[in-house]
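Q: Please put together the full structure from these sequences, using the hints given.
Protein chains: 2
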Amino acid sequence: MTQFAIPAIDRTLEPALRTKLDGLAKPPGSLGRMEALALQLGLIQQRLDPQLRRAILLVFAGDHGLTQEGVSAYPASVTVAMVQTFLAGKASANAFASATDTEIRVVDAGVAAQLPPHPGQLDQKIAQGTRNAAVEPAMTLAQCEEAITRGATIAKNAAAEGFDVIALGEMGIGNTASAALLMHRLSPAPLAACVGAGTGHDAAGLARKRATLERAAARTTATAPLDVLAEFGGFEIAMMAGAVLGAAQAKTAVLVDGFIATAAALAAIRLAPEVQPYCIFAHCSAEAGHRLMLDSIGATPLLDLDLRLGEGTGGLLCVPLLRAAARILTDIASLDDVLNGRL
Amino acid sequence: MTQFAIPAIDRTLEPALRTKLDGLAKPPGSLGRMEALALQLGLIQQRLDPQLRRAILLVFAGDHGLTQEGVSAYPASVTVAMVQTFLAGKASANAFASATDTEIRVVDAGVAAQLPPHPGQLDQKIAQGTRNAAVEPAMTLAQCEEAITRGATIAKNAAAEGFDVIALGEMGIGNTASAALLMHRLSPAPLAACVGAGTGHDAAGLARKRATLERAAARTTATAPLDVLAEFGGFEIAMMAGAVLGAAQAKTAVLVDGFIATAAALAAIRLAPEVQPYCIFAHCSAEAGHRLMLDSIGATPLLDLDLRLGEGTGGLLCVPLLRAAARILTDIASLDDVLNGRL
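As given, the protein sequences belong to chains A and B, one line each in that order. Counting the first sequence from 1 gives a position; this note's numbering is that position plus 80. Counting the second sequence from 1 gives a position; this note's numbering is that position plus 80.
Don't take every hint at face value.
Which copy? The list can't say, so a pair holds if one copy fits it or any two copies do.
What the hints assert, rightly or not - Below 20 angstroms or equal to it, Euclidean Cα-Cα: the simulated SDA-like pairs (lysine to any residue) are:
| no. | residue 1 | residue 2 |
| --- | --- | --- |
| 1 | Lys170 | Asn420 |
| 2 | Lys170 | Leu128 |
| 3 | Lys170 | Arg422 |
| 4 | Lys100 | Lys170 |
| 5 | Lys170 | Pro107 |
I should point out that these hints are in silico values taken from the structure, not numbers from a laboratory.
A: Here it is, written out as structure tokens:
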């Protein structure tokens, strides 16, 4: 994957950005993390006046062979039903996208069904679901590389289309199981600390999920990020990892949603640590393990609203924060202008 | 102030709202605090499909006689300069209002200067600044009642104009000092736990502020909310307290910003506890004491982004969250419809 060598972000503008922020008509630092976000956007866009005009949510959908082991409280068929719900504009992500003036597109990374074409859907299907990672690799290395490459292309195309921020969302029954395995191997962290209830397990379901993931983890000693992604899946996670790489190549901010999107960002960061300054971590999921995974990459999410849905819902709620952060650098008068009556 | 008897919020719709939320195409409760917010909006508006179309920020401005004691790191003249900056559209609040599609108006509650008329400014000046609360009551009881009444009228007018949410902001050099005294007497809490650095004190400034507030607190044993407001000020805080009362009377959601706006809400809640279900607490300020003040009324703010500016900046960042919360109840398909192909 040498084509994903990302140049380190150019920090030349940082002193000028800090000087500008500190010279605005407010006590220095009084906008807290919003100022840090403004600085980050300035560095990403290499501008003293970063802009956040158009935002897009890409919802990557894929199915997981692991669901054969009962790792999810929901049947795999829900993935297809939810893709149809996104396309009908009636999922939670659509509601939040409307509220935050964000465009939304669904990417079929590997749903286990043939989906009818739809203008809001990108057909990038690698296969109809991954294999069962409890007994064999979820995908081949070639499939994994293909998923990453496609994800990067999708993100670069979105940036070229004029989107200033790319939010990553996902839909895939069973994908907290894959994400837990990725976290276990890439953070790394003990498996027990990585496994949570997902969207709604009871105690028996959670025990079954834990046992299955122990079998999957015991099957391979892989630790290299590409190998780990191929071993544990899923297609939507590998494609999101590619989207992080592509967004960084296109010098575009990427909003990382919850547990699963963070696992994808973690994989991307392990492949190319230089992507991290392009990542904005949106929301601390209620899913057990998310805080620990964020800690492993030194990330502090913007929101903590007890969400545990995915779909990009947490990222969407941060789009207005990014818009506000950009406007700190474009809309606020300097203290000097205020004190000298130059408004 | 018997005219501010607020009827208890009608909770008749609560079971229907919960049933609707639990029947949406997502795991029950998976949108966490956003679902609680949707429920709150439904109860405030008495609708199963609450709406958040138009939002307004009211920035209440006033000066404080306490500044004569050096309780602020900034001179009182900054209040006027910042009012002019709001009206020129170039303050932090304007930047965030633009980013969140929120209208903004400045209310002159008691700035210590004659301000020229401006279409974006409501002249509701009670007096040119409060008196020095370290040596005498900040205002008369009659002034306090007048400020509250005017604040209530402003909020009711905004609701009648079609604003679905009223965000409260403030500008007033020295007003963390007033707010600390209100918190001390109304939470109640030891004074030391209520006093923080404001927008930017050094250690000597903070010590001076503490000593001044100890003198002010020692001057009176008032604990009744109206008396406490009159003793410690300020006009903008009393008017914000009135706005909370008026918003509740108009069955309109009110977004409470940081430390000072919360002190105003605390006063309103002590005057009429029934207003609290109409209050949405936006942001936990970096100002020492804010968390404790919020705890004293059992409030958990939505955001924690290390803001310590005021102006309503924290409230503005929550406007999109309210829009998203309302859309949970209007835009998401029911699980039943998804499972039965009725999209």
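Q: Please sort Lys100 with Lys170 into within, between, both or neither, judging by C-alpha distance up to 20 angstroms.
A: between (42 angstroms within a copy, 15 angstroms between copies)
Q: Within, between, both or neither: how does the pair Lys170, Pro107 come out at a Cα-Cα threshold of 20 angstroms?
A: between (43 angstroms within a copy, 15 angstroms between copies)
Q: Please sort Lys170 with Leu128 into within, between, both or neither, judging by C-alpha distance up to 20 angstroms.
A: between (38 angstroms within a copy, 17 angstroms between copies)
Q: One pair to classify: Lys170 and Asn420, alpha carbons no more than 20 angstroms apart. Within, between, both, or neither?
A: Between. Shortest inter-copy distance 14 angstroms satisfies the 20 angstroms Cα cut-off; intra-copy 52 angstroms does not.
Q: If the cut is 20 angstroms between Cα atoms, do Lys170 and Arg422 qualify within a copy, between copies, both or neither?
A: between (48 angstroms within a copy, 11 angstroms between copies)
Comparing the model with each numbered hint stated earlier shows that all of them hold.
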